[in-house]
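Sequences listed follow chains A and B, in order. Quick note, the first sequence lines up with residues 0 to 291 if you use numbering that gives the first Met the number 0. Quick note, the second sequence lines up with residues 0 to 229 if you use numbering that gives the first Met the number 0.
Since the hints were made in silico from the structure, they are not lab data. One or more of the hints may lead you astray.
As the list claims (entries may be wrong) - Quick list of simulated restraints, FRET-style, between CB atoms:
1) Asn98/B <-> Tyr10/A: 48 to 58 Å
2) Phe12/A <-> Met134/B: 16 to 26 Å
3) Ile150/B <-> Glu188/A: 51 to 61 Å
4) Tyr10/A <-> Val122/B: 22 to 32 Å
5) Arg16/A <-> Lys93/B: 50 to 60 Å
6) Lys26/B <-> Lys159/A: 25 to 35 Å
7) Val15/B <-> Gly129/A: 57 to 67 Å
Said to hold, decoys possible - With a Cα cut of at most 25 Å, we get these calculated DMTMM-like pairs of lysine to aspartate or glutamate:
8) Lys159/A <-> Asp179/A
9) Lys163/A <-> Glu166/B
10) Lys164/A <-> Glu22/B
Virtual Cβ for every residue (Gly too), placed ideally from N, Cα, C.
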Amino acid sequence: MAKIACFVEKYNFSDPREEEALQNFKFTAENLSHKFTFLFRHDIPEIPKYDAVFIRATTDPLYTSYIVSKTAWEQGLKVVDDPQSIQICGNKIHLYALFKKHDVPRIPTVFLNKDQLHHKRLLDIFETFGKPVVVKAPYTSFSKYVEKVACETSFREVAKRFFKKSDVLAVQKFMPTAFDWRVGVLNKEVLYVCKYMIPKGRWKHGAKLRGKPTFIWGRTVALKKENAPATLKEVALKACSVIGKGLYGVDIKEVNGDYVVVEVNDNPSIYARYEDLRNKDLYEKIIAYLVN
Amino acid sequence: MLVVSNIDLTTDLPIVKPSAFLESSAKDFTLNINNDYRYLKTGYYVSLHAEILGNSVIPSSENVIDANRTPILLLRAAKAGIPTLPYLVTDSVKKIVSNFSFPLVVFAVNPFIYEGFKIAKNVSALYRVVKSLGMNYKFAVCVQPLKGEMISFRSIFGKCEPDREAEKISQKVYETFKIPICKLHVQRVEGKTYLCGLQPLGKEELSQFELKEISEEISRISKQGECFSG
């Protein structure tokens, strides 16, 4: 019997589907005779009492979740997401640099540092990628800090905002599709596959309503992983192989029959009746990975 | 050896500016000199770029992240045999009070505050400090007991001003994290020194003497071919 700590923050329980998925993890672990405890921020000193840590709170090298991950890792505990995965997936510059180095099929991307925010460089970018282009802050998650720009003025406005936190940004070719594939991968194996539909009239899965603070999300269409295209799964596994052996959600676009990786996320969303709809065994597989 | 620096140095060796290095694919041992190695800042990206190129680099991008996150700094430092005091990462004042007695020294553990620390001498002060450094309880803080006197000093390649005791700890921190330029916060308790925190330096904080020291150290590393293991 293993003792598993699941590190969460209050917001993990605000969406009923996410809460249900968390309860599914607990139920599955306990069914397999393991102890499964939700660990909150004030419980961090208790980490050494557990055998494994499963992080569900949003990860980033600057968030508390990294402290949890690294503390567990340094103390020899099994941890998902491991610190290296957080370092790579939490910084899109790191991620795309590895994709380039290992020749992973990806959306055409260039990096821009603070000194390069000048007319000639921006002209070059628009000439190479066409208009509009997508400007991405390295710390993007949940479709935030990713903006589409079609002229130099808005490019400068977005870049200046993102440069406040990071000295390097990513700029990508705009490739609109009706949906993004999401391939869940654990320990170099495909765990689930679904389609994240893009809301009508938008260009990303999560979009802010104009003038309102609310976010709207596209539908999630799950399919049996066996029924997903083989090349899609190969591309997803190749992208994960340059990162590690943890739990990842790979976003892939299908353009003219080719699959290109948008990004690999550690700490992928798992909502009841969305990601798990056609692959119910994902809970068992993640628990088994944590305790083995 | 490639020396990438955002600081104007007087060494005879050629110095590459960070922005030029980030565009290059030069393959060689890389010594990344920067006054600010915080995550997402240029100092971090230079180390990351060197690693992607396959270069050995001082400091490594992992050390850059870890050294600037106080609980991880203390955890790894203790593992490396550097004297540290017990610490607690939490947002709960109750938990702090049940574990430590006052006074306490508190460091922020959030993406926005990276400078300094606060001292809390009683419960009401602790509530105020946890609220402000935790940004209205949105983030945790790192708390250590304050048993002696807090001392802060600049560390240049592990060398520092105060005294032998400080130099010993400064040297060990450099051996563990390889951060060439930083500010260290330590606590002096009955003659013994304990590491409490590490922070970036402002460029203007470096004295002429220290700039000379950095240049000399770079020349020394270049001549001796120090083992590169960022």
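Now the hints, each set against the structure:
no.	hint	result
1	Asn98/B <-> Tyr10/A: 48 to 58 Å	27 Å, violated
2	Phe12/A <-> Met134/B: 16 to 26 Å	21 Å, holds
3	Ile150/B <-> Glu188/A: 51 to 61 Å	52 Å, holds
4	Tyr10/A <-> Val122/B: 22 to 32 Å	28 Å, holds
5	Arg16/A <-> Lys93/B: 50 to 60 Å	32 Å, violated
6	Lys26/B <-> Lys159/A: 25 to 35 Å	33 Å, holds
7	Val15/B <-> Gly129/A: 57 to 67 Å	33 Å, violated
8	Lys159/A <-> Asp179/A	28 Å, violated
9	Lys163/A <-> Glu166/B	35 Å, violated
10	Lys164/A <-> Glu22/B	20 Å, holds
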